[in-house]
Amino acid sequence: MNTARHRVAASDEQRVRALLEDVYVRDMYVKRDRGAFSREFARCFHMLSPTIDGATGDVTDARWIGIDGMLANHPKAMLPSVRFEVPWVDVAGHAAVARVDVFEAGEHVFTDYVSLYRVKGAWKLVGKLFHHHRPSVAPGTEPE
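Residues 40 to 183, numbered by our numbering, are exactly what the sequence shown covers, in order.
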């Protein structure tokens, strides 16, 4: 194994983890409103939003929502006491993917799979797929 290449990959993994911890979780789950996303969210960022059958919990459809759609229409998942874990990050050249597990009051609420791309030397968030572990409770409507 080329140790120089291994050091670069480890450094990239650290940068991706820092971005997820410092920016992604804050902008996606902690900030009070979605007035704007940080610059680390690429303009091409999209989230795959499923339609879930309330009776069965099955996904019946899914559609991509871009940043503009998220700002205009998508309810914010306000989790005031959010805790998160990043169990793994996989980096290959200019692309990376990571799993982010989000917890609220000790309960596992979301599992996000976040895609990133290195653009002009800086990591950018470009997309997310997610699983809502409490689909019967709409994000942002949990009791206080």
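Just to be clear, a hint being listed does not mean it is correct.
[Said to hold, decoys possible] If you anchor each label on the Cβ, the simulated ranges turn out as follows:
| # | residue 1 | residue 2 | range |
| --- | --- | --- | --- |
| 1 | Asp97 | Gly132 | 16 to 26 angstroms |
| 2 | Trp127 | Ser77 | 14 to 24 angstroms |
| 3 | Asp100 | Ala134 | 23 to 33 angstroms |
| 4 | Ala75 | Gln53 | 23 to 33 angstroms |
| 5 | Lys70 | Gly145 | 17 to 27 angstroms |
The set of hints was computed from the structure by calculation and includes no laboratory data. If you're wondering where the values come from, they're calculated on a predicted model, not measured in any experiment. Ideal Cβ placement from N, Cα and C applies to all residues, glycine included.
Okay, the hints, checked on the actual structure:
Our hint of 16 to 26 angstroms for Asp97 and Gly132 is violated, since their Cβ atoms are close to 36 angstroms apart. One distance hint, 14 to 24 angstroms for the beta-carbon pair Trp127 and Ser77, holds here, with the actual separation near 23 angstroms. Against the hinted window of 23 to 33 angstroms, the Cβ-Cβ separation of Asp100 and Ala134 comes to about 27 angstroms, which satisfies the hint. The given range of 23 to 33 angstroms is respected by Ala75 and Gln53, whose C-beta atoms sit roughly 26 angstroms from each other.
For Lys70 paired with Gly145, a C-beta distance near 22 angstroms keeps the hint of 17 to 27 angstroms intact.
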